[in-house]
Amino acid sequence: MELCIQDLCVNFSTPSGTIPAVNHVSLTVSSQQVTGIIGETGSGKSVLGLSILGLLQSNAAVSGRILLDGRELTGLSQRELCAVRGREIALVAQNPATSLNPGVRVGRQIEEVFRLAGESRAESRKHTLELLEQLAFSQPERVARAYPFELSGGMCQRALTAIAVAARPRWIIADEPTKGLDAVVRNQVYDTFRMVREHYHVGFLVITHDLLLARKFCDRIVVMYCGRVLETNTARELFEHPRHPYTRGLIASLPHLGMKPMAGFAPAFTDQPAGCVFHPRCPHAREICRREAPGTVYCGEGSVCCHGFD
Amino acid sequence: MNQTLRYIGKKLLWTIPILLGITLLAFALGLIARGDPAVNRASADPDYIPTEEEIQALREELGLDDPVLIQYGRWLGGVLRGDLGRSLIDDKPVLDELLRLLPNTLLLSVLALAVIAAAGLLGGICLSLFRDSFLDVAGRVVLVFLMSVPGFCMAYFMIWLFAQKLRVLPTSGADGPENFIMPCLAVAIGSACVVIRLLRSSILGEMGKNYVLTAQAKGLRRGQIILRHVLRNALTPSVTYAANAFGGLLGGSMITESVFSIPGIGSYALTAISKRDYTAIQGYVLFTGFAFVLVCLLADLICAWLNPKIRLGG
Amino acid sequence: MKKQRLLSLLAGVALTLSLAACGGPAPAQTPSADPAPAQSAAAHTEDDVLVLAGARTLAPGLEDVYFSHKLLGAWEPLISVDEDGNPMGVLAESWERNEDATVWTFHLRQGVSFQNGEPFNAGVVVENFNRYKLLESGYSQYTTFKVNDLYPGLIGCEKVDDYTVTVSFTDPVPRLLFNMKDTASCIFYPGSWDLETGYFTEQPVGTGPYMIQKVAEDEYVDITAFDGYWGEPAKIRNIRVRIITDPQARYAALDSEEIMGVLDLGAMPAALGDELLKDQRFAMAVHTSNITHFMLLKGEGTPFSDMRLRQAVSLAIDRQLIVDQLWGGYAMPTQNLVNRMCPDWVGLPVEYDMERAKELAAEVLGDTRISLDMYTRSLYLDRGPYKEMMEYIQSQLAQIGIDATVNVIDSSTYSEMSKAGELGANFMTHGMSNLNAYHFMNMYLSSTGSYNQSQHLAYNNPHADELLKEMSTTLDDARFHELAVELQEIANTELPVIPLFYDTSNLIYNQAQITGYDTYRDHLDLSRLAWVDAQ
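Chains as they are written, first to last, in the numbering used here: chain A, 2 to 311; chain B, 44 to 357; chain C, 26 to 560.
It is worth saying that the hints were derived from the structure and are not from the lab. This one's a predicted model, so the numbers in the text were calculated from it and none came from an experiment. From the three backbone atoms N, C-alpha and C, an ideal C-beta is built for every residue, glycine too. Wrong hints could be hidden among the right ones.
[Stated by the list, open to error] As a list, the in silico BS3-like pairs of lysine-lysine whose alpha-carbon atoms are at most 27 Å apart:
#, chain 1, residue 1, chain 2, residue 2
1, A, Lys-180, B, Lys-53
2, B, Lys-135, C, Lys-239
3, C, Lys-383, B, Lys-208
4, B, Lys-352, A, Lys-180
5, C, Lys-158, B, Lys-135
6, C, Lys-158, C, Lys-412
7, A, Lys-261, A, Lys-180
8, A, Lys-180, A, Lys-217
9, B, Lys-135, C, Lys-171
10, C, Lys-444, C, Lys-171
11, C, Lys-383, C, Lys-171
[To be verified] A few chain C residues that don't get close to chain B, going by computed Cβ distances all over 12 Å:
#, residue
12, Glu-88
13, Glu-161
14, Tyr-188
15, Pro-258
16, Arg-262
17, Met-442
18, Arg-504
So here's chain A without its partners, still in its complex pose (with noise of 0.2 Å):
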């Protein structure tokens, strides 16, 4: 099973001029593996991700295609769209805190997706605690009956989780899983993503700047910058050699390699270098990169687009 994007471009028209969040991305994802996409906030990323579910705001202009098993996406109507939502691929907000609605407790936001899968209110409801026990909540009935801010963060994301599993999709999108956690949690996180890889294979879709979350989780990276993939390759590969000089920088800057901060600041969308959009921050930059813009190249499981790799 496959999701494969081809040639996605996001424009977002704003009355300070059009922000191009997603810049001509060809991906391939495969549910037979965990793919990671990570990159510094702003990268286009999660943009990247509600694209696929088509939950853009109305002022987003999107082009380029977006095939779930060969079935076409970005054509689909809003109604056929809510079909692929949920059941197909669903998604784990950021900010588990507000992403479970304040007003409805969070059994009854859990049975929804139950019952909009066809099942009786009883059915329902006993597959709601089913799941939240399997969910690692100690008292699912309590858990059920509460509200979300009687919920701790950690539990939010796991209820947001069951959200997400329970109709069964095929994919799932997180988005930003462990932001605003702390370390505890985000290990919790990782293990109920675990588990519910191994429990469900489900293909997983991490959107994360959780660098350590996705070396341990993803078996595929993509990095993303300024809307533009510059580099993918399976985890290993990439954490061990990293090719391009951006992915080197998000590497060295984590905490047990020395916490290198990067220099400089990703661009406003609005105002982007010509060349290769990573240039001016760039170490290794040369006259070719300021005046053209690097093409992919692939090699080996990977590929990178950076002008020291023509």
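Since chain A is already given, all that's left is putting chains B and C on it; use the hints.
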């Protein structure tokens, strides 16, 4: 449950000082305002000028020469015994009069509230569902127009249309249910428009929140999301507004009552004020104050029910 | 996109429907509620209810000493007036007095029965006079019952035989019959009032052509013809008189044929009336009323104590213009204190002469300008274009050196200010409810007259005082009339108050449906109304 009861109890206890305060204030305002109920009572017949002695005798009879605090105390004593006193002008018991007029006002207010709620919900949901479509834009223009039309203009327009031209509704009176349709619309339309706009904007505000994304990702359609998820969180401002409007309506809508000749609390208060009938004014203030507090309490309870965070003190 | 459009269209329809749904049940119900749809010009039967409307209640109830307005025809008086303003017997058929007018004998109409079937006789009248004695200041929103004014020095009423009574007084009361008009000699069946206060304790029973069937307070009163009425029976059996407080709503109710006519004071503002008269269905019955519109100038401590300045003000006002432009031409300009309904009324000249006004004002004021605060009560704004009239007078007064302001105040503020003498000028109406010329002129012309004092007019003319004194005691009707004429002339020149015009009551009715509005005596007579197409 216990918690809720304690909450209600606390709120109700609070109404006592509030009511004492506003009635005392109303009494005090009587001091400042010019005009003497004794003179007004003695000169009910416009062609007759009462003599000084007559007025003085009336003042003594009505106890108007006593110090204000004593008058207030006397009134308060009566209230504690369930007696709101008698009108200074026509000597009718204030409580009986209020109770006689209450059904009309109550009927009008409840009907109006129903219209406000129904139109508010339906309109607010529709406009937000079709946000920025032709319906939404045109609807908002119409709303602004309707909101800016004063109630009595709306009343006259409806009389012209429904009573004079179409002849489907009676012009005025309080005889049967059909008499209440136009007055109810006249008092409700403005508030209903406000509620529609409030609800629309709070629904759209909620639509930008993260939980909506989760709901969308579940595969829920826009309408389902609004009804099942957003509405409950978006209702609070509208409920508060509608409750305020309802509380106001319970005090009687003087203009609508007079245009449609509906004998209600509002016209009673209007007459009482113009004649400086302090006991009647006091009774009215006490009644409306109490009604307002009750309505606000009800609104609080609804908001708490809608919003578990308030309810559970989280 | 197309789908979206369609959906929004549907939602729009739903919204409209939901709003309309609130008005939904109406069409189904109204046919029965609407007593007279226009098209069904089918003949009216006896059972059809005639619906009329007025601005105020005509049946205030127990707290009013008359319970209902005379207009409803529930009760009748001993004495009323004819079209010339002369006394006319109703329940009293004839009368005579002794030499010095201290004892009056009334011969009562025979064969009259009350609406409860009981006969009307001398005993009943005696009981009613006992009731009058209790009413020193009987509360009514129409006419306060003051026994000491109406029956000064009343000793009592005694039965002579079943249909004759005598009423005796300590002092002569030569004009008693004028005093007794309508409300002052109202007759009710005994037993319905408190014997200590005179106020009713239950709905009283009268002898009139209509019985009060139901009073819905502040809403309507239903009356039904009394079969045992002694006079000409009522032509329409059932009448409902509604209270429609808003003039615009009365207009709409007439237009929609919900009501067939309006009645009582200020029933239809001239502008709305004119609008209705453009429609063939409607006609206007214009009746002279006993009301005069006045401008009262405070004389106490002001230059207006000088007669010349009052004359200047009067001369500066073009009354005909006010009447034509603001009152639709129906009213009648006057400078006479006494109302034209009074039998002792004489026609006197009405003058408008700005040049003369300026001269007179200059004589009094010299070169200085004075200021004048003019007031009226807000209630008059419902009766006509009072504010516009005052503004016109303001502009006229500016030409004779008086800088006036126009103020509208509520009744309570008015009472207070009037008591304190703070009203520079006061615009008001005064109805001559008692057509006794002495009674009315005494209020303004006597140096101790009640209006002279309460309105701070400070009018003082010893000659007028003398004439009034003679008037109060003369037993000679011719002499009384002479005195009345002389005093009217004095008032016309010296202007203790400035009369503006005589009011008319303009009643609009649906002439396509009913007749009888134009047969009018002191009040509209409901028993004369009839359906145009009665079976």
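Check your understanding: Can you name, in rising order, the numbers of the hints this structure does not satisfy?
Key -> 1, 3, 6, 11, 12, 13 and 17
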